[in-house]
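A.B. asks: Protein sequence lines, in the order shown, are assigned to chains A and B. Whatever position you read off the first sequence (first residue = 1), add 26 for the numbering used here. Whatever position you read off the second sequence (first residue = 1), add 10 for the numbering used here.
These are calculated hints, taken from the structure and not from any lab test. Treat the hints loosely; a few may be bogus.
For the chain B half of the interface with chain A, some residues (derived, Cβ under 10 Å), not all of them [as the list claims (entries may be wrong)]: (1) C96; (2) V109; (3) N127.
Note that CB positions come from ideal geometry on N, CA and C, so glycine has one too.
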Amino acid sequence: MSEITLTIDGREITTQPGRTILEAAEEHGIYIPRLCHLPGLKPFGGCRVCTVLVNGRSEAACTQPVAQGIVVENDTEQLRAWRRNIIEMLFVEGNHFCPSCEKSGDCELQALAYRMGISAPRHPFLWPRREVDASHPDVLIDHNRCILCARCARTSRDIDGKEVFGFVGRGPARKLTINPGARLVDSALDVTDQAVNACPVGAILRKRGAYATPVGRRHYDRAPIGSGIETPAELTIDRGDQP
Amino acid sequence: MSKPKVATCSLAGCFGCHMSFLDIDERILQLVELVDFGPSPINDLKHFTDRCRVGLVEGGCANAENVRVLREFRTHCDILVSMGYCATSGGIPAMRNLVSMEECLREAYMEGPSVHNPTGRVPGDLELPLLLDKVRPCHEVVKIDYHLPGCPPSADAIWAALCALVSDAPIELPYQLIKYD
Chain A
27 MSEITLTIDG REITTQPGRT ILEAAEEHGI YIPRLCHLPG LKPFGGCRVC TVLVNGRSEA
87 ACTQPVAQGI VVENDTEQLR AWRRNIIEML FVEGNHFCPS CEKSGDCELQ ALAYRMGISA
147 PRHPFLWPRR EVDASHPDVL IDHNRCILCA RCARTSRDID GKEVFGFVGR GPARKLTINP
207 GARLVDSALD VTDQAVNACP VGAILRKRGA YATPVGRRHY DRAPIGSGIE TPAELTIDRG
267 DQP
Chain B
11 MSKPKVATCS LAGCFGCHMS FLDIDERILQ LVELVDFGPS PINDLKHFTD RCRVGLVEGG
71 CANAENVRVL REFRTHCDIL VSMGYCATSG GIPAMRNLVS MEECLREAYM EGPSVHNPTG
131 RVPGDLELPL LLDKVRPCHE VVKIDYHLPG CPPSADAIWA ALCALVSDAP IELPYQLIKY
191 D
């Protein structure tokens with residue numbers, strides 16, 4: 027099989043056909059920020075945090091396959107601003123009280139915000155009213171923190187073979203459901219399901235495991251998300267200029 | 011040359027950020043060399059007499075008094091900094107935004123399991139500042155120049171930010187100092 031050559035931010039890389047841009051970049055130590063992407067699941071392209079420019083056109087790097095000779099822009103000022111905007115919108119759209127969240131320090135949304143140097147979201151907070159479903163003996167869902175990435179739904183369907191989760195509503199009314207109207211305890215969810223681990227934020231949590239890791243030893247306490255893939259960028263707090 | 015002045019205040023916060031500020035420990039001696047204090051809970055001065063270089067604001071705005079103080083700080087400070095998660099994002103006080111004001115007051119003063127209130131009334135004295143409909147982060151009320159996240163921001167983060175601001179240096183915080191918790 028012949029190799030494909032493409033450039034990412036001016037750097038020429040070679041990869042196999044059939045890879046996505048995100049996978050090809052990762053092979054060569056280039057980190058493209060992502061949130062809804064989870065290795066092992068089919069590419070989804072939901073969150074658009076991995077948006078790159080391919081020959082000048084915006085595409086989700088997690089779904090877009092590589093092609094011979096394409097020119098990809100990843101780490102540019104414009105794309106950083108777009109991604110930052112998405113993360114800030116996710117923060118104001120839900121109710122993310124980091125100081126009291128069990129997932130703080132291990133949360134991918136928070137880690138992306140840290141990496142991008144977001145000191146506060148610049149959009150007005152929406153403070154939606156959402157529910158907590160603690161009916162299940164071992165797992166709870168806090169919809170306040172749900173970012174609708176569908177990682178739980180896709181994992182449950184494709185890996186656990188259960189389809190415990192689904193979505194209802196469109197646009198701002200979209201929400202995660204357990205068979206509309208049902209509670210988590212009525213579903214087929216087991217605490218051992220992979221879907222329980224799939225949540226990037228603190229929306230799906232295993233009970234009785236909170237705050238087990240001391241501050242300083244959690245996933246993203248010392249090094250930014252993505253630093254396993256590349257060397258960390260210089261991070262500073264920036265001024266809260268309007269988008 | 012006179013030293014730059016720093017003012018601080020705690021709005022709808024828990025004073026945790028001020029406690030963290032005091033965690034600079036022996037650097038407080040350097041601080042005295044570096045700045046003078048305007049109004050602050052640290053010296054208990056209540057009113058501005060001069061312009062201040064930096065205002066550190068802890069807490070968001072939960073009531074009319076918070077808004078008044080915040081506006082006063084904006085008027086008298088060259089650089090206004092939201093310090094801590096309540097100031098930057100509303101924080102714990104903003105959890106009341108998820109229920110109606112009526113529900114919140116009924117729980118707090120009438121129906122909460124530990125409430126002893128024989129009159130059954132919600133406090134309504136004219137001396138008490140009116141509550142806002144929602145608890146707001148400071149930047150939804152006045153222009154804020156810098157946000158220093160953390161619950162609380164660590165003493166190192168506050169120190170690094172303050173030193174940079176009073177010496178006109180760019181603020182560069184290492185990754186480990188940017189935290190939301």
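A.B. asks: Does the structure break any of the earlier hints, and which numbers would those be?
C.D. replies: The structure breaks only hint 3.
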